[in-house]
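S.K.: Below, each chain spelled out in residue letters.
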Amino acid sequence: MNQTKNRSRTYLLRISSVLAVLLIAMQLYHPAINNSKADAEIQAPPEIKAILKNACYDCHSNTTDLRWYDQIAPVYWQVAAHVQTGRKALNFSQWQNMPSADQKAKLWESVNQIIAGAMPLKSYTIIHRQAVLTPAELTVLKAYVSSLAAKSKPGDTSKLKVADNQLKPKKKDLAQKKLPVEMNGIAYLPDYKNWQVISTTDRFDNGTMRVIFGNDIAVKAVKENRTNPWPDGTIFAKVAWDQLEDAKGNITPGAFKQVEYMIKDHQKYASTNGWGFARFKTENLIPYGKTALFAAECINCHRPMKDADFVFTQPIRN
Amino acid sequence: MKRFIISVATCVLALNACRDNTGKTGFINERAALPESLKSLTVNQKFTTSAMNKTAGTMSVLYAGKGNLTLVTWKKKGDENWFGANVPDSLLTVEVLHSPYPGSAHVELYNCFDHNGQLMKQDSLAEITRIGYISSLKPSIFP
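Sequence lines, in order, name chains A and B.
Using my numbering, the letters of the first sequence correspond one by one to residues 1 to 318.
Using my numbering, the letters of the second sequence correspond one by one to residues 319 to 461.
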């Protein structure tokens, strides 16, 4: 009996020793998390900054605050990976280096990620409970971004001028030009204007109005209730225009801002959850992406919609 | 053990029974759909422009084709998937202007249908106002 007990004790001791050695060895691999300068930090009211610092800054700023338990591998490895990807996607310390419109768009996107429960990451909040936003904090954030929403004024002459300029005849029309191509190889598809409208949106966050067109495959999928997942070959084209308001509250589309495509091919675009993304901006249809990795930004924003095949706007029953 | 497995299986079944497999409000916007009798007015018709009215809280899409201008108008509601957007809610009206000569200002017929596809009666002043408004909508700009 005593012999068995002794054998078990020795066995446990050996396992513990191996684990201890392993844990010590793990600490040797310690990728650096550098807290660099934060000279272009976001400027916001103190209550907003307090929420951002509490919930976002550890991964989305240059002032990561590591607790003692964050510094022990393997937890440290996960924290380091979060910080690296987090700073790349959004960095509140480099905030002012972005154009003002992009700053606002990022804030709206961040609030939407929080509302959808995609941020802060569950794997982070399991340990860092302080990062979970209270309903009151979320209300404060929503009120703040709402205060940044585009303000339309009736008869906005600058917007009218931009629209008028776009209506002037061009030296070379699009049919004569080479079609622009995104960095991921997706070319501008001029035929979308003849597709069926599947919905429309009023984007009061950025002062645009949008129409979503679907190709025949998309339209058929809506008719047959096959929208989750959407079938391969589905293409959406979402077009955005400025909002022009008159004195009676009538709003009509002004200047063309951009067209965005989502193309479904579960094999070709497997790395972005089956969707190929493209965005062509201004009337000159300038491709949005600076590198082929731009689509990662697209899918990150769409990720909270994973239960609806990453599509935000519900198509209208046809 | 057997009792435990049965309990777990019952819980899983119960939870799944409660889950709405069509998503939060379904993957398709059913409320904004046109009644069957009016669908042909927009299917295969050319999108012309979109419009909204801040005071009325409405949003519309204008189509052109077969000598008709068709304006579909919805009540708008906050997008449950994007804080910062409004999307079509229930259908309000489908208005049809018929002109015998496409592009001409002469309107031969004006009809306004409600969300059920029933023809609505309007006084002539309201009719003139609506014809004026719909005719004034300019095509959206496409590069």
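Calculated directly from the structure, the hints in this document are not laboratory data.
Do not rely on the hints blindly, as some may be mistaken.
Within a straight-line C-alpha distance of at most 20 Å, the following computed SDA-like cross-link-like pairs (lysine to any residue) qualify [as the list claims (entries may be wrong)]: (1) A:Lys104 <-> B:Asn399; (2) A:Lys257 <-> B:Asn347; (3) A:Lys257 <-> A:Pro99; (4) A:Lys171 <-> B:Pro461; (5) A:Lys161 <-> B:Asn399; (6) A:Lys178 <-> A:Pro99; (7) A:Lys104 <-> A:Pro45; (8) A:Lys161 <-> B:Thr367; (9) A:Lys306 <-> B:Pro461; (10) A:Lys257 <-> B:Lys395; (11) A:Lys170 <-> B:Ala382; (12) A:Lys161 <-> B:Pro457; (13) B:Lys395 <-> A:Arg317.
Covered stretches of chain B, as calculated for chain A (at least 3 residues, CB under 8 Å) [as the list claims (entries may be wrong)]: (14) 348-357; (15) 373-380; (16) 387-401; (17) 410-416; (18) 434-445.
All residues carry an ideal CB built from backbone N, CA and C; glycine is no exception.
S.K.: Look at each hint and say if it fits the structure.
M.R.: Hint check:
Between A:Lys104 and B:Asn399 the CA atoms are separated by roughly 18 Å; this keeps the pair inside 20 Å, and the hint holds. Between A:Lys257 and B:Asn347 the alpha-carbon distance is near 26 Å, which puts this suggested pair outside the 20 Å criterion. Restraint check: the Cα-Cα separation between A:Lys257 and A:Pro99 comes to about 16 Å, which is no more than 20 Å; the hinted pair holds. The suggested pairing of A:Lys171 with B:Pro461 holds, with an alpha-carbon distance near 13 Å, which does not exceed 20 Å.
Taking the CA atoms of A:Lys161 and B:Asn399, the gap is about 33 Å. The hint is violated against a cut of 20 Å. With a C-alpha separation of about 29 Å, the suggested pairing of A:Lys178 with A:Pro99 is violated against the 20 Å cut-off. Distance hint between A:Lys104 and A:Pro45 is fulfilled; the C-alpha atoms sit about 15 Å from each other, no more than 20 Å. As the CA atoms of A:Lys161 and B:Thr367 are separated by approximately 19 Å, the hinted pair is consistent with the 20 Å bound.
For the hint pairing A:Lys306 with B:Pro461, the CA-to-CA distance comes to about 32 Å; that exceeds 20 Å, so the pair is violated. Between the alpha carbons of A:Lys257 and B:Lys395 the distance comes to roughly 23 Å, so the proposed pair goes past 20 Å and is violated. For the hint pairing A:Lys170 with B:Ala382, the CA-to-CA distance comes to about 25 Å; that exceeds 20 Å, so the pair is violated. The straight-line distance between the Cα atoms of A:Lys161 and B:Pro457 is roughly 17 Å, inside the 20 Å bound, and the hint therefore holds.
Between B:Lys395 and A:Arg317, the direct Cα distance comes to roughly 17 Å. Compliance with the 20 Å bound is thereby established for this hinted pair. Here's how the region 348-357 of chain B fares: 4 of its residues keep a CB closer than 8 Å to some CB of chain A, so the rule of at least three is met and the hint holds. Only residues whose C-beta sits within less than 8 Å of a C-beta in chain A count toward coverage, and the region 373-380 of chain B has 4 of them, enough to reach three; the restraint holds. Look at the region 387-401 of chain B against chain A: 5 of its residues bring a Cβ nearer than 8 Å to a Cβ of that chain, three or more, so the hint holds.
Look at the region 410-416 of chain B against chain A: 0 of its residues bring a Cβ nearer than 8 Å to a Cβ of that chain, fewer than three, so the hint is violated. Counting residues of the region 434-445 of chain B whose beta carbon lies closer than 8 Å to any beta carbon of chain A gives 0, which falls short of the minimum of three for the stated coverage.
Figure legend: structure checked against the earlier numbered hints; hints not met, in rising order: 2, 5, 6, 9, 10, 11, 17 and 18.
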